[in-house]
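J.: Chains as they are written, first to last, in my numbering: chain A, 456 to 811; chain B, -12 to 100.
Don't take every hint at face value.
Simulated pairs of lysine to aspartate or glutamate, EDC-like, Cα-Cα distance not exceeding 20 Å [as the list claims (entries may be wrong)]:
(1) A/Lys708 with A/Asp761
(2) B/Lys56 with B/Glu19
(3) A/Lys585 with A/Glu530
(4) A/Lys593 with A/Asp474
(5) B/Lys6 with A/Glu672
(6) B/Lys6 with A/Glu702
(7) A/Lys578 with A/Glu610
(8) B/Lys6 with A/Glu705
(9) A/Lys595 with A/Glu571
(10) A/Lys506 with A/Glu610
(11) A/Lys494 with A/Glu702
(12) A/Lys699 with B/Asp3
(13) A/Lys699 with B/Asp5
(14) A/Lys616 with A/Asp474
Treat the hints as calculated values from the structure; they're not laboratory data.
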Amino acid sequence: MIYQGKQNIWSDYQKEIPDDHWYYVRSCIRQNFFPASEKMFMEICRNVLGKDIYENEHHTTCGGIAYHCDTIPQETVMTIVARQFALMTEAGYENYVASCITSFGNYTEILETWNEYPELEAKIRELLWKACRKEFRKPKHLAHSSDLIYKFRNEIAEKAKFRLVNKETGEPLRVVEHIGCHYAKMFPSKGVGGAEYPYVLAGMIESWGGNVIDYPERRHCCGYGFRQYHVKANRGYSISNTHKKFESMEPYKPDMIITNCPGCPYFLDRWQYVIAEMEGKTYGENGFGIPVFTYEEVAGMVLGYDPWDLGLQLHQVAVEPLLDKIGIEYSPEDKYKGLNKKDIMKPELPSGIRCF
Amino acid sequence: MMNIFGFRLSASSAIDMDKVDRTLFDKLCAEEPDARRCMSCGSCSATCPAGEFTGMSVRKVLHNLQRGKEREALKMVSSCMLCGKCNMVCPRGINTRHLILSVCRIYKTEESR
């Protein structure tokens, strides 16, 4: 195909995403924050798309949090990552898929560093051998799990039971997409659309029927920023950044937010409660907040999975008004029922922001 | 409201230029077109003998006036000794001393009204 003009420019912003046979590594924190997201990703890959995806229970953290908090040096992180690659090599896979944005940025940074400094790669190979007698091959393709959902977004749309559309008015929902900073801000060529026009989530929203909102602080950080949150004295800086984003998106009246990073949905969701308690301000309709989702949760919602199986009861901001808007059925009395209908107990509800 | 969190929101430092009243800055530019010729190289700040002790900087004065932060600009200007060193080093040949006097005249006249 011959690309011309803008098409030609846009082709520079694309990345090669492998079709099948993926080695998957989970995030350290996502399973605590949004526990069904990674499970739903595996479910979609295996049972909806029919792909070969493998995960190994022996993999560990990538060391990204400690690295970005300046707790451990890069050589340590590299050795941890080398071990993950060794596990992939032992399993016979070449396509490495990370669930976490920071891990994805970390792997990209390390592969680029080894590319520039081969002697460092040799040193890490030696360290890994001394530490655990393992050897590794570098992945042929490195992708973030949102890249895969993006690649197969139209297949998901074909199988979808719901669309991101207001069932009463027929209007597309107004959706804010928020990309994790480590996805393409460090290495723009490694993300779909680069750092300037990241399209990975916008593509999903458009395919599933929603309208993407463009607002002034669209590319601003969610406020997590590792050291800005992990040091308690800096948390005011963290929430001030989140507040800035919400103030900027508020006039556009978003129905929902979709994110592709472990930290972003957590902070955009939980800080809405803190802002409501501190300032008495909420950003959704009728005293509710703006619900924040991971892309796997949204994929699960449009595919018709039960909202409580997607773990939406663990969100701080109530998701029910949005489910009603789309027309997704749910059972309010089952919200706080776990597996086998076991009661997982209803939490204390806050006073500043409306919740169920 | 009581803050139970141990940290608080800080105000954004972003400046909304749509809300800045630029009447006086436009008046300054009309009388002193050099105000628009500054390229913010900082040579004036580097040579200013008052800068190290008082924070005076012609570059920052112009930035603050453009951004509607007049109080900060006038506080800086009050530290100027009119020695003219900035005048000598400006690569754009701006008569900075005259510019500062014009700032004092236009803004302080307006302030005293």
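J.: Hint by hint, say whether it matches the structure.
T.: We went through each hint and held it up to the structure:
{"no.": "1", "hint": "A/Lys708 with A/Asp761", "verdict": "violated (26 Å)"}
{"no.": "2", "hint": "B/Lys56 with B/Glu19", "verdict": "holds (19 Å)"}
{"no.": "3", "hint": "A/Lys585 with A/Glu530", "verdict": "holds (14 Å)"}
{"no.": "4", "hint": "A/Lys593 with A/Asp474", "verdict": "holds (18 Å)"}
{"no.": "5", "hint": "B/Lys6 with A/Glu672", "verdict": "holds (18 Å)"}
{"no.": "6", "hint": "B/Lys6 with A/Glu702", "verdict": "holds (16 Å)"}
{"no.": "7", "hint": "A/Lys578 with A/Glu610", "verdict": "violated (44 Å)"}
{"no.": "8", "hint": "B/Lys6 with A/Glu705", "verdict": "holds (19 Å)"}
{"no.": "9", "hint": "A/Lys595 with A/Glu571", "verdict": "holds (17 Å)"}
{"no.": "10", "hint": "A/Lys506 with A/Glu610", "verdict": "holds (13 Å)"}
{"no.": "11", "hint": "A/Lys494 with A/Glu702", "verdict": "violated (33 Å)"}
{"no.": "12", "hint": "A/Lys699 with B/Asp3", "verdict": "holds (13 Å)"}
{"no.": "13", "hint": "A/Lys699 with B/Asp5", "verdict": "holds (17 Å)"}
{"no.": "14", "hint": "A/Lys616 with A/Asp474", "verdict": "violated (24 Å)"}
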